[in-house]
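The task is simple: from the sequences and hints, build the whole structure.
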Amino acid sequence: MQINKFLLTGVLCALVFSIKAQAQNLSGFVKSNRGEPVPAATVRLQNSSLWTISDHDGHYRIKNIKPGTYILMIKAIGFKTQEKELSIESGKETTLNVALAESTEQMETVTVTGRTIAQETNRQAFNVTAVDARKLYNTTLDISSALDRVAGVRVRESGGVGSNFNLSLNGFSGNHIRYFIDGIPMDNFGSSFQINNIPINVADRVEVYKGVVPMWLGSDALGGAVNIVTSDRYRNYVDASYSYGSFNTHRSVINAAVTSKNGFTVQLNAFQNYSDNDYKVKVEAWDIYTGAFSPAARLRRFHDTYHNETLIANIGVVDKSYADKLLLGITLGQNYKEIQTGARMEAVFGGRHRRGNIIMPSLKYKKTNIAKGLDLTINANYNLGTERNIDTLNGNFDWYGSFKPLGANGESGRTLSKYKNNNGLATAMLNYRISETQSIALSNVFSTFNRKGRDAANPANDAFQGKKKTDKNVLGLGYSIDVRDKWSATIFGKYIYQNIINEGKTAGNSSMNKIGYGTAVTYFVTPNLQLKSSYELTNRMPEANEIFGDVENQNANPGLRPEKSNNLNLGAGYGFSVNTNNNFYVAAGAVYRRSDDFIYNRLDINQARLIADNREGVSTWGGDAEVRYSYKDWLSAGTTVTYQFLRNLQKYEPEYTGVSPLYRDQMPNIPYFFGNGDVSVSLKNVGRKNNSLTIGYNLLYVHAFWLYWPSRGAKDADAEKREVAQQLSHDVNFVYSLAGGRYNVALECKNLTNADLYDNFSLQKPGRAFYLNLRYFFNKNNHN
Amino acid sequence: MKTILQKTAAALAMAIVVSSCSKDENETTATRGDFILAVTPAASTGVADYLINTPQLESGKISTEENGIEQDGTYRYYVTHNGKFFSMLYGQQNPGAVTTYENINGKLTKKSNFRTETVQAFAPVNDDLLLVKIPRNIANPLANWYRVNTNSLLIEGEGTVDVHTPSNNGESAFFSWIKQVGNKVYAPYFSIVASGDEVFGTNHPDGAWIAVYSYPGMQLEKVITDDRTSFIGRYFTDGLAVVENGDVYAFSASVAIKNKVLTSTKPSAITRLKAGTDEFDRSYFFDFEAASGGMNITNWLYIGNNNFIVNATTRAEKGNYTIGKNIGIVNVVNKTFTKVDGLPPVDQIYSITNNNYTPKDGRYGYIGVNLKEGWGYIYKIDASTHTATQGLKVEGGVITAVQYLKSK
Numbered sequence: 001m002q003i004n005k006f007l008l009t010g011v012l013c014a015l016v017f018s019i020k021a022q023a024q025n026l027s028g029f030v031k032s033n034r035g036e037p038v039p040a041a042t043v044r045l046q047n048s049s050l051w052t053i054s055d056h057d058g059h060y061r062i063k064n065i066k067p068g069t070y071i072l073m074i075k076a077i078g079f080k081t082q083e084k085e086l087s088i089e090s091g092k093e094t095t096l097n098v099a100l101a102e103s104t105e106q107m108e109t110v111t112v113t114g115r116t117i118a119q120e121t122n123r124q125a126f127n128v129t130a131v132d133a134r135k136l137y138n139t140t141l142d143i144s145s146a147l148d149r150v151a152g153v154r155v156r157e158s159g160g161v162g163s164n165f166n167l168s169l170n171g172f173s174g175n176h177i178r179y180f181i182d183g184i185p186m187d188n189f190g191s192s193f194q195i196n197n198i199p200i201n202v203a204d205r206v207e208v209y210k211g212v213v214p215m216w217l218g219s220d221a222l223g224g225a226v227n228i229v230t231s232d233r234y235r236n237y238v239d240a241s242y243s244y245g246s247f248n249t250h251r252s253v254i255n256a257a258v259t260s261k262n263g264f265t266v267q268l269n270a271f272q273n274y275s276d277n278d279y280k281v282k283v284e285a286w287d288i289y290t291g292a293f294s295p296a297a298r299l300r301r302f303h304d305t306y307h308n309e310t311l312i313a314n315i316g317v318v319d320k321s322y323a324d325k326l327l328l329g330i331t332l333g334q335n336y337k338e339i340q341t342g343a344r345m346e347a348v349f350g351g352r353h354r355r356g357n358i359i360m361p362s363l364k365y366k367k368t369n370i371a372k373g374l375d376l377t378i379n380a381n382y383n384l385g386t387e388r389n390i391d392t393l394n395g396n397f398d399w400y401g402s403f404k405p406l407g408a409n410g411e412s413g414r415t416l417s418k419y420k421n422n423n424g425l426a427t428a429m430l431n432y433r434i435s436e437t438q439s440i441a442l443s444n445v446f447s448t449f450n451r452k453g454r455d456a457a458n459p460a461n462d463a464f465q466g467k468k469k470t471d472k473n474v475l476g477l478g479y480s481i482d483v484r485d486k487w488s489a490t491i492f493g494k495y496i497y498q499n500i501i502n503e504g505k506t507a508g509n510s511s512m513n514k515i516g517y518g519t520a521v522t523y524f525v526t527p528n529l530q531l532k533s534s535y536e537l538t539n540r541m542p543e544a545n546e547i548f549g550d551v552e553n554q555n556a557n558p559g560l561r562p563e564k565s566n567n568l569n570l571g572a573g574y575g576f577s578v579n580t581n582n583n584f585y586v587a588a589g590a591v592y593r594r595s596d597d598f599i600y601n602r603l604d605i606n607q608a609r610l611i612a613d614n615r616e617g618v619s620t621w622g623g624d625a626e627v628r629y630s631y632k633d634w635l636s637a638g639t640t641v642t643y644q645f646l647r648n649l650q651k652y653e654p655e656y657t658g659v660s661p662l663y664r665d666q667m668p669n670i671p672y673f674f675g676n677g678d679v680s681v682s683l684k685n686v687g688r689k690n691n692s693l694t695i696g697y698n699l700l701y702v703h704a705f706w707l708y709w710p711s712r713g714a715k716d717a718d719a720e721k722r723e724v725a726q727q728l729s730h731d732v733n734f735v736y737s738l739a740g741g742r743y744n745v746a747l748e749c750k751n752l753t754n755a756d757l758y759d760n761f762s763l764q765k766p767g768r769a770f771y772l773n774l775r776y777f778f779n780k781n782n783h784n
Numbered sequence: 001m002k003t004i005l006q007k008t009a010a011a012l013a014m015a016i017v018v019s020s021c022s023k024d025e026n027e028t029t030a031t032r033g034d035f036i037l038a039v040t041p042a043a044s045t046g047v048a049d050y051l052i053n054t055p056q057l058e059s060g061k062i063s064t065e066e067n068g069i070e071q072d073g074t075y076r077y078y079v080t081h082n083g084k085f086f087s088m089l090y091g092q093q094n095p096g097a098v099t100t101y102e103n104i105n106g107k108l109t110k111k112s113n114f115r116t117e118t119v120q121a122f123a124p125v126n127d128d129l130l131l132v133k134i135p136r137n138i139a140n141p142l143a144n145w146y147r148v149n150t151n152s153l154l155i156e157g158e159g160t161v162d163v164h165t166p167s168n169n170g171e172s173a174f175f176s177w178i179k180q181v182g183n184k185v186y187a188p189y190f191s192i193v194a195s196g197d198e199v200f201g202t203n204h205p206d207g208a209w210i211a212v213y214s215y216p217g218m219q220l221e222k223v224i225t226d227d228r229t230s231f232i233g234r235y236f237t238d239g240l241a242v243v244e245n246g247d248v249y250a251f252s253a254s255v256a257i258k259n260k261v262l263t264s265t266k267p268s269a270i271t272r273l274k275a276g277t278d279e280f281d282r283s284y285f286f287d288f289e290a291a292s293g294g295m296n297i298t299n300w301l302y303i304g305n306n307n308f309i310v311n312a313t314t315r316a317e318k319g320n321y322t323i324g325k326n327i328g329i330v331n332v333v334n335k336t337f338t339k340v341d342g343l344p345p346v347d348q349i350y351s352i353t354n355n356n357y358t359p360k361d362g363r364y365g366y367i368g369v370n371l372k373e374g375w376g377y378i379y380k381i382d383a384s385t386h387t388a389t390q391g392l393k394v395e396g397g398v399i400t401a402v403q404y405l406k407s408k
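Sequence order for the protein chains is A and B. Numbering-wise, the working numbering puts 671 at position 671 of the first sequence, and it's gapless, one number per residue. Numbering-wise, the working numbering puts 1 at position 1 of the second sequence, and it's gapless, one number per residue.
Some clues are possibly wrong.
[Claimed, not checked] Derived coverage of chain A by chain B (criterion: at least 3 residues anywhere in the stretch with Cβ under 8 Å from a Cβ of chain B; other residues may be distant):
{"no.": "1", "segment": "402-410"}
{"no.": "2", "segment": "492-498"}
{"no.": "3", "segment": "713-727"}
Hints listed in this document are in silico derivations from the structure and should not be mistaken for laboratory results. As the structure is a prediction and not an experimental result, all values here were calculated from the model. C-beta atoms are modelled at their ideal positions from N, C-alpha and C, and glycine is treated no differently.
Below, the structure is given as structure tokens:
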């Protein structure tokens, strides 16, 4: 119902604006002389009060201009300022595209001045890191593995392609972190569209907000947010890649767009992953019939095939008087995943699997300067996708692949369930620029969840008894002031409301609301020395999967309370050059978190499944640091280091009157010291002109950590205190680009030393793997 | 700027130092000895217990802090047999496991680990460990048994027994435990409806049954019955004891239920099977409920010389899963019950350990008493004086088992 309202609103708005748009307007496209869009360029009509700023795609638009002759000034950092004369005629739409020359003198003094959007993002007051995805287009990385290289972030994977992942941000993980794609919450996209199966090529950049989440990402994140910004940099292009590698892994990505001169556009992203994931693991194995024990067998995984296929298509218009962008789209996808192990490798399966699909129509609407300085963005989508869990083989497997029939309860709990979560989402955002430096924004995000399904093998399954429904609304209001390269500040508030309808065995309806607020301030001591600080009182509502269970691994806990946290960040960044050729960038940050009613997953009483529960309190302090170095334009190296200490502040455990022996103990099973290093060398004109060769190396280090409470149990080698061992992983890649990047051939080796790598206790990740990646990129710019 | 760099460097250095300090302890904090305590810390989801070796149980204190071998799982059950210590994982929907240790120089050392089914009864039989997974669904009439050879640590045999046939009353037989008696396996059981919401309920609350199986064939040879008591033992509780002269004693807790209400009309009592016979001794009946002033036995520990340390609940405390916090001494020949003095008041006790140690000298038993503060003590019970003496303090968790295995 709510969705319909929003759709209607969008259509009405579109009508209203098309009627209004009779006055004389000026619009156009700002690009560099290399053809790339220049965002955040100031576009000003001299001798008038009219001005605007180009958007991420380099587009600008000034409305309601009096007819006459003007001088248009276009100014952007890293570029030479340009002035152009033009005349505005009555009742006519004027178009003016501008190409800016790069400002060489500025480039030489400090290389970072010619900032990419990713670098611009990093200059916000928030504790944010943006990953420039474009630099990774010739790799086989998915989004989650690209994020693994960010300071403060650790992505824990349970296996190979398509395996379960858990991204942790300053020690927060799982549902404490929210995901967005172009600012739209991804909370309930289902298993077919997740950051571990979206290739990096779909993104332009990925922004990681640590601890304090901007108001415009309307959500109830506790510990931070990840925003995937997709590429609409090019209007007419094809970017296609295919890779093949170890464990019979195939991946393909096709991104393409066509835009006609009158603004009609079709955008397409399609991708596919397939892998047998049949890598060898070291495992405690026993014969299912005799119990014959082999403490360190090396065996191939035999039931771990994963594949997914996704198509995202958008059709609509751009640069119209009634809309900068109006797109109707659909996301279609499916995935198939065999489940090889339980939470431990000791529990091995040979028949369990999962399927899911996503059928999600969507609407995207964006219009700048509806009225002077007022921008509107509307998004809506509805996921009609289905999830299925299948466990119908009655019996057990061993690691040798032998099956022993037994009982009537499947391998882990007989199920043949099929359900829809019916997730709907609508967001609206109004941004008003009071002046060149100040703006206020109002945002509202509404989401709904309504699970319906059945379990053919277990009709009494409580997951499908009665209504399981939640509605959530997040309303945000914020004010920002931004004096470019001097200082900026923002202050915001969020009001979150959630209503839960729960029928069945664990019946109980509830509604809850919370108010949160935050602020972020940054100050530039010099344009290249930045200090930042941010704070937020965050609240997170329990997720539908935590309240109702996820049908597969998670049990319901309808009594779960919202969690809240006080998050504080301090940071500094400094860029400088030595002898003009040696460029350095150093950044460091400190974080403090104090969470109450902290929601964490514990094992249920039979250890078969997880259940979300509240902990009285958890505190975190930590810091991360990043150093980057480049020499001229061919050598680049960097390192990030993160340390974080999470402490249990629950003083009394239920049922006991004495102080808990675990009070103030370090939280278990959370990586607390880790880092990355990378070096890359780019050689230009190798073989022939416009061909380049890049050789890159990546190092990942994760310090060992304990699975269970660190203070309990003996730690000597033979005491078997369960530890997730130190990880040291080396990746190497070679990229040969021909014809200025139109054709690319890449060879990648992951886990070069074939080390036994674990992110989670006993769940071994793949050994040494090779991938060959071919990519074709073609861009035709029709703005000329 | 310089200071920022310095601070960054200092922070990094600190992080490295902190992280390297927190490891590399070569000097061990693990204790050694022939006694083995299983201790569960509160809030330790994922860890059933820490197994701590200790040289004695009489005094001093010991802790799970930096001490003990982690045992995976929510529940683990322990048994020592044939010079080895077995740790059995229990999880209803999860596979079970058997982990085997030897005690070498006073430290448990892992020998083997394999997955089995979660079983509801296990016991040493000859050189084997017999494990039985018992169905609780009337649609499934077969209990699975596994015979683990404790020398080879291999599953040497397995099979099924039909749990509908022993009573043949339309209900399912659920073994409360199994026990080797002579060269047979005795399996006392309770009759359960095993369907719908009435899984462990019964329409036959006033009978006792022991199914007798051959070994190693596990063929049902006989069902020994008695109508003077309710069923023998309780869920996951050994209700049989073989004394020195070969007589077998059995206790009934009288906790049969229907619709979640206790329904038996029989008192909690102790009965007997004379050595060499396979019938209840009709001339022997010890009405425990009468002797104890209305209490019922929930568990016992045979300490030798016809003496038992028993746990009991009062009439108010009685429940089908409640484990008694009242401790007394029973002499089965003299039919006497005496409460033990010197234990903490019942309202301060969180739990009494279910799996305890006795040297079987007829006099002493060592039992774990856990306090609501979150720690516990080993109490040394002297059957001759009916007194309990506070011994070893166990910190950082509650005691779930007290075992002994002489080290090699």
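Hint-by-hint comparison with the structure:
1. 402-410: holds (count 4)
2. 492-498: With 0 residues close enough to chain B, the hint is violated.
3. 713-727: holds (count 9)
Going down the numbered hints, you'll see the structure goes against just number 2.
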